[in-house]
Amino acid sequence: MNSHDTHVGGPDLAALAALLADGTRADFCLALLDGRAWTAIELARHAGVAASTATGHLNLLVGGGLLTQERQGRHRYVRLADPDTAELIEKLASMAPRRADPPRSLPAANRDRALARARTCYDHLAGTLGVAITEAMTDRGMLDWEQGLTLTGDGTAWLAELGIALPPATRRPPVRSCLDWTERRPHLAGAAGAALCRHAFDAGWITRIGTSRAVALTDTGERALTDRLGLAVGTHTPVG
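Each residue of the sequence shown is one higher than the last, beginning at 1 in this note's numbering.
Some clues are possibly wrong.
As the list claims (entries may be wrong) - Restraint ranges, calculated between C-beta atoms of paired labels, are given here:
1. Asp144 to His199: 13 to 23 Å
2. Arg223 to Gly10: 50 to 60 Å
3. Asp219 to Leu162: 29 to 39 Å
4. Glu161 to Gly23: 21 to 31 Å
5. Leu92 to Arg172: 15 to 25 Å
6. Leu92 to Gly210: 22 to 32 Å
7. Asp84 to Pro168: 16 to 26 Å
8. Pro97 to Glu161: 35 to 45 Å
9. Ser52 to Asp144: 47 to 57 Å
10. Asp22 to Gly148: 33 to 43 Å
11. Asp144 to Thr218: 46 to 56 Å
12. Ala203 to Arg111: 19 to 29 Å
13. Glu222 to Asp144: 21 to 31 Å
No wet-lab data here; the hints were simulated from the structure. Keep in mind it's a predicted model, so treat the numbers as computed, not measured. We put the beta carbon where it would ideally sit given N, CA and C, even for glycine.
Make a model of the complete structure from these sequences and hints.
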């Protein structure tokens with residue numbers, strides 16, 4: 001047996017890495033972390049490339065399994081393939097070196113700060129707010145990290161008090177740790193993280209900022225997090 005035989009049938013990690021080795025394709029994947037479906041024209045405008053260029057890149061990402069697509073009339077919409085893909089992109093972003101960007105305008109700097117404070121990571125909460133909620137749940141015994149991240153009985157009861165029932169068992173785990181690319185600390189993902197994010201939107205705790213994936217905490221959300229998690233949102237430290 002020669003040395004090449006050991007690779008037959010194995011995962012082609014290089015092919016996956018090549019999909020993200022292009023800056024435009026990587027920017028597309030980061031933009032799609034908002035969990036929504038985008039058109040090629042919207043992504044082209046976001047990345048500052050021609051629509052035909054965007055289409056070529058999107059065909060590669062769809063063919064490689066990182067994106068999925070659907071058509072409505074003349075429009076093609078793309079989104080990240082699944083939560084696992086989103087968490088892979090977020091984790092890679094947390095490990096990537098920071099780009100030496102040129103000086104940014106004040107609006108651009110404000111957008112960056114808003115993303116760092118609170119944003120969606122596909123379908124769960126990230127940024128300073130997401131990490132603070134995860135740490136507060138841990139401090140209150142709702143999450144246990146001793147043998148891998150698990151949702152405790154207290155955590156299940158707390159979600160139930162909010163009216164959140166976790167879906168029946170699927171391939172997606174109830175909870176998963178997702179390394180936050182701005183905080184470099186974990187935030188809560190998995191089915192519970194997604195359900196909590198949906199509740200935060202539905203209950204008016206958070207609201208989107210423009211068309212980005214940045215979110216703002218409302219007064220209602222600030223009161224809820226203080227009452228239910230002892231979270232002093234101004235400083236993101238537990239109180240009481």
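Right, here's what the structure says about each hint:
1. Asp144 to His199: 13 to 23 Å: 21 Å, holds
2. Arg223 to Gly10: 50 to 60 Å: 53 Å, holds
3. Asp219 to Leu162: 29 to 39 Å: 18 Å, violated
4. Glu161 to Gly23: 21 to 31 Å: 45 Å, violated
5. Leu92 to Arg172: 15 to 25 Å: 20 Å, holds
6. Leu92 to Gly210: 22 to 32 Å: Cβ of leucine 92 to Cβ of glycine 210: about 25 Å, so the range 22 to 32 Å holds.
7. Asp84 to Pro168: 16 to 26 Å: The hinted range 16 to 26 Å holds for aspartate 84 and proline 168, with Cβ atoms some 19 Å apart.
8. Pro97 to Glu161: 35 to 45 Å: About 42 Å separates the Cβ atoms of proline 97 and glutamate 161, which means 35 to 45 Å holds.
9. Ser52 to Asp144: 47 to 57 Å: 51 Å, holds
10. Asp22 to Gly148: 33 to 43 Å: 34 Å, holds
11. Asp144 to Thr218: 46 to 56 Å: 30 Å, violated
12. Ala203 to Arg111: 19 to 29 Å: 25 Å, holds
13. Glu222 to Asp144: 21 to 31 Å: This hint holds: roughly 27 Å between Cβ atoms.
Violated hints, listed in ascending order, are 3, 4, 11; each of the other numbered hints is respected by the structure.
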